[in-house]
Every structure is written in C-alpha cells, then in structure tokens.
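Listed below are the residues making up each chain.
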Amino acid sequence: MTTTLTPRTQGASPTKASARRPSMYPRWFFIPSGVLYLVLFAVPTFASFYFAFTRWSLSGVEFIGLENFVTFFTEPMLIQGFTNTFIYGFVTSAAKVVLGLGLAVLLTGPILGRGYLRSTIFFPVLVSTIGIGVTFKALLDPQDGLVNQALAAIGVAGPGWLTDPSLALMSVALVDIWKGVGIATLIYIAGIVAIPQEYFEAARVDGAGAWAAFKNITLPLVRPATATVVLLSLIGGLRSFELIWAMTKGGPGFSSDVIASVIYKQYQAGFYGLSTAGNVVLFVVVTAIIVPIFYILNRRQVES
Amino acid sequence: MTDTRTLTTADPRGRSRRRAIDRRPLTLRRFTRKYLGGIIAIAASIVIFIVPFAFILFTASKNAQEASLLQFTLPTQGWFFFENLVDVFQARNYVLLRAFINSTVLTVASVTIMVVFAAMVGYVLQRRKSRWNHVINMLVLAGLIVPPAVVPTIWVLQGLGLFKTLPGMILIEATFGLSFCILLFRAFISTIPRELDEAAVIDGAGPIRLFFRVILPLLKPVVVTCIVVQAVNVFNDFTGPLYFLPGDANATVQLTLYNFQSQNVSQWNLLFMDILLITIPPLIMYIFFNRQIVAGMTSGAVKG
Chain A
2 MTTTLTPRTQ
12 GASPTKASAR
22 RPSMYPRWFF
32 IPSGVLYLVL
42 FAVPTFASFY
52 FAFTRWSLSG
62 VEFIGLENFV
72 TFFTEPMLIQ
82 GFTNTFIYGF
92 VTSAAKVVLG
102 LGLAVLLTGP
112 ILGRGYLRST
122 IFFPVLVSTI
132 GIGVTFKALL
142 DPQDGLVNQA
152 LAAIGVAGPG
162 WLTDPSLALM
172 SVALVDIWKG
182 VGIATLIYIA
192 GIVAIPQEYF
202 EAARVDGAGA
212 WAAFKNITLP
222 LVRPATATVV
232 LLSLIGGLRS
242 FELIWAMTKG
252 GPGFSSDVIA
262 SVIYKQYQAG
272 FYGLSTAGNV
282 VLFVVVTAII
292 VPIFYILNRR
302 QVES
Chain B
136 MTDTRTLTTA
146 DPRGRSRRRA
156 IDRRPLTLRR
166 FTRKYLGGII
176 AIAASIVIFI
186 VPFAFILFTA
196 SKNAQEASLL
206 QFTLPTQGWF
216 FFENLVDVFQ
226 ARNYVLLRAF
236 INSTVLTVAS
246 VTIMVVFAAM
256 VGYVLQRRKS
266 RWNHVINMLV
276 LAGLIVPPAV
286 VPTIWVLQGL
296 GLFKTLPGMI
306 LIEATFGLSF
316 CILLFRAFIS
326 TIPRELDEAA
336 VIDGAGPIRL
346 FFRVILPLLK
356 PVVVTCIVVQ
366 AVNVFNDFTG
376 PLYFLPGDAN
386 ATVQLTLYNF
396 QSQNVSQWNL
406 LFMDILLITI
416 PPLIMYIFFN
426 RQIVAGMTSG
436 AVKG
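Chains as they are written, first to last, in my numbering: chain A, 2 to 305; chain B, 136 to 439.
Don't read these hints as lab results, they were simulated from the structure.
We put the beta carbon where it would ideally sit given N, CA and C, even for glycine.
Just to be clear, a hint being listed does not mean it is correct.
[Claimed, not checked] Rough simulated footprint, nothing fancy, chain A against chain B, three-plus residues with beta-carbon under 8 Å: (1) 224-235; (2) 307-315.
[To be verified] A short, non-exhaustive set of chain B residues, derived as facing chain A with CB atoms under 8 Å: (3) 184; (4) 191; (5) 205; (6) 207; (7) 256; (8) 262; (9) 278; (10) 281; (11) 334; (12) 336; (13) 345; (14) 347; (15) 374; (16) 394; (17) 396.
Next up, chain A with everything else stripped away, as it sits in the complex (with noise of 0.2 Å):
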C-alpha cells in the first residue's frame, strides 16, 4: 500500500521533508486496529446479514429466506419489543435533553454547592449499571421497596412499579435517566460555559431577563451539545440492554421487552438465526433513526 502511493507524493511536492513524508507516517500503523475491527467487529456484522437469514441452530445452517424476518413482525411479543425499543430510546433521551439542559443551566449560575451537586449528579454514570438495577429493583419493591413506603407515609397507595405492565417499562426508564441524567448535564455544562459572557451582558444591556435571555442566547448556542446529548442517549437508549435485563427482564410478560432482550432470549433458547435477525432489525432501527439526525443536527449547526 505504502509503495503505490509513493510515487504520487513524490511528484506533488518536491523538497526533500516532504519526499520522506510516506515514512514518517506509516501506513501500516492502521493493520493492528484494523485486523481487530475487521475480524470481530465488521465480518460478524456483514456475517450477520447472511445468518439472519437462516435457521440456525446447534445443529446447523439452513437458509429460509425472509420467515426469521416475518417470525419477527408476526409474533405480538416481538413486535412488543420492537415498539418498547422506540419508546424507551425517545423517552429517555428526550428527558436527558430537558433535565440535563435545566441542570446545567442551574449548575452554571450562582447556587450553593454548586461543586458538590454536579459530582454527585454524575457519580451514577459510572457505577455498575447492573448494580443500580439491582438497587433500584430492591427500592421499587411495590410493599417493602423505599419508594412505595415513602409514599404510603404520604397517604398515597404506591403503585407496583416493575410488576404492573402497563409501568414496568416507564420505570426501567426512569432509572435509566437517573443513571445517565449526569452525562447530558455534563455535556451541557460544557456548551453553556463556552459561550462568551459578552452575549449575556449585552442581552442585560438591552433589558432582556432571564428567561429572554435564555431564549435567545442559550438555547440556540447549545445546539452543538443539544447534539452530542440527542446522539449518545439515542445510541445508548435504543441499543439499552443491561439496564433492562437487571430489573426485569423483559417481563411482567414481554411488556418491558426491547429488541435487545428480544436477541438474548432468542440467543438463549438457540434460536440463533431468530436471534441475528433481530440484530439486523436493530441495526436498521439505530442506522435509520442515528443517521438522518446525525446529517441535520451537523447541517444546521454550520448554518447557524
């Protein structure tokens, strides 16, 4: 590789600093990453677009065209899965965005332990996050849990948090914004401290309050991190797993199932064509949402 484009450089410039250029930056420095991403990271990904679609077990490899595919959109409990994914990836994300961008917006002004709050709402970003399903699993305990004791102190009848369906998989996403609320306020600490003071001085020059002001001068110059937030809570909130798996499972039923717990049972119960199958499903899921914000939260941003 390094020899067929040796000739081109050559010829483009021809001091002597630059003729050597080729080897003061390797080629070959790529090989080492480049083995690793190609062996375990891109072939079982391409692989996965063949064993999807087959049926694929401990004792073989059949190919059956599309049915994993229809097995999937077919099945209500699936399909259960595949609606959550959406929901759990809008909901936690939207509120990371909200609470983040209001938690930063306090933790930049002037407030009291300001040092101690923004530790301690980040810590929890990174503990285990099996470990915080674990606890959590234990405080949402609908008679003994904390939570519900709390409430009944109140006089209101707690509900059963991770046991009703109709709630299991709201809570699993409010522990998620618990977890990642850190991350998103972190970010936005960031952009909001990198906008020149000037601005805000000259909006109070002018007799726009505060609000006003973060209307029009905030808001708009966080965009960058409103990105970075909407990207890393979307990748992580539809691909989440962990978080689930720790507290329920999927269950009561499948009515907390997402794409990814859907992959595991499969995998568990060696349905491993069923269960790649809902890896290209997922992968389609994340490309098709991650992309198009990808080019448009970008796009804009050079605009403005």
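Since the structure of chain A is provided, determine the placement of chain B on it from the hints.
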C-alpha cells in the same frame, strides 16, 4: 461605614462587608435568591442521589434477616460489615475473588491494547491526508453507532478458538472501545505542531521512534482520559461477558453480581456488599481522575 471601622480580625470584617452589601430592602427575597435554590437543590440531590447509595451501604452492613426487609434504616441489630465482606468473598468457593482478578486482567489488557492501537490510528489519520481518510472516518463512526452482531461474533470467536476465553474477551473489549479512543486521539493530535515531527525526523528518528518516543509522550493528557473512561466502561460492561465469557471459571465481577442475584435471593446483605465492592473501583477513579473523566465524556460538546 461599619466595615471601615471594625478592622480587628479577618472574620468579622468579612462578615460585616457581606452584611453591608446585603443592606438593601427585601432581604428575605435576596436570601431566597441566594441560598434557597441551593438548599432545595442540595436537599433534592440527597433524596434522589444519595439515598440509593446509602441504602446500598446500610443493607450491606446488616445481617441476612434484617437486610431481607429491604428497609431504609441504619442496621438496628448490629453492624455486620466486615462479616459480610468476608462472607461475600468466601461465597461459592471464592468466586468473587477470582472475578476481581479476571476483571482486573480484562480491564488492564484491553485498555492497553485499545489505547496504543487507537493512538497509532488517530496519529496517522490526522497527519496523513489521503482520500481514504473519509472512508476510515466513516468506519470509525460506524464502530460507535452500529450495535455489535452478537451471535455471528460468537461464531467468529469459536472459529478462532477464543470463545469463552479471557484473551477473546480482551480482544472484543479492545475492538469495541477503539472508535471512541480514535476520535479523542485524532482531535488531540491536531493540536500538536507538525514542525515537531519534522524536527525529530531531521534528528534521525524513524517513524516508530518518532511516534513512540516523541508523539506518544505528548499525548499523555488524552491517554489518561482514554484510559480512565474506557477502564470504567470495560470494568462495568455486563453484556460483553454475558455473551462471550459465560461460565463461572472466567466470571467477571458484573457477572458474579448477576449470578448472585439469581441464586441467593435471600441473602440481600451479601448481594449489596457485592454491589458496594464493584462500586468502589469507579469511585476511586472518579476521585482521582475527575477532570479527565469529565473531559473525555464531554468531548465534542463544544465542537459538535
């Protein structure tokens, strides 16, 4: 007036000066604006963020019977912290001890590989302008976005004889972390002047010496960021070991927690001791590398 006269010690002076500034109408409102928000925020943060961690600590210090009540109280039947600590390590033939060793080996090895490999890619990618850069950038982004295809990855690992082995898991974690590190390194290397490379080459350094002796030491801040963020990620990863490293022989700490949860439902005290133990390494990382973690996780917030 008062503050000019009472110049006795530093403390009363400061207090009186503050009082002089506060000497305006509507002191209650000013007090409210200055402190009330902070006090409410701190109280809320204690309820929302500190209580769950206190619950972990308290439950880990109770005896089995009291812990099973799941109540948020200090241990009333005595503190069993050290007994539980010993018990949790001895449980199931010291599986947790082996898990800690496995997790440490996994984290250290995979982070080392990914940092060195990613730095090499980031360096050449930033320094060398070629039409392939566009393609490589796309591949790096794909590595961040695309969910790994699990069953085909197992298939590849089996083909290589690395399934259910620690080396296999190390390579998997290294691969999945490459993209993030490459992006960090590429951004940082653009701030190192090219003249340095040329000076080193004139002094007779070859490409390998140039990179490992001249460039890599200059990357120290971003290397630390990368190590810390990825170490926390790998240490906390549950999905990876669940798929690629099943079984007790090579269990990681996250897996022991999960297995503990499904096997010993009655021993909540030991379960929460386990959670406490796996929370400590990230906590230590956070205390010592607060700044680097924040820098790594908010990279991209300003530039987009």
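(message) Could you work out which of the previously given hints the structure breaks and list their numbers from low to high?
(response) Result: hints 1, 11, 14 and 16 break, sorted rising.
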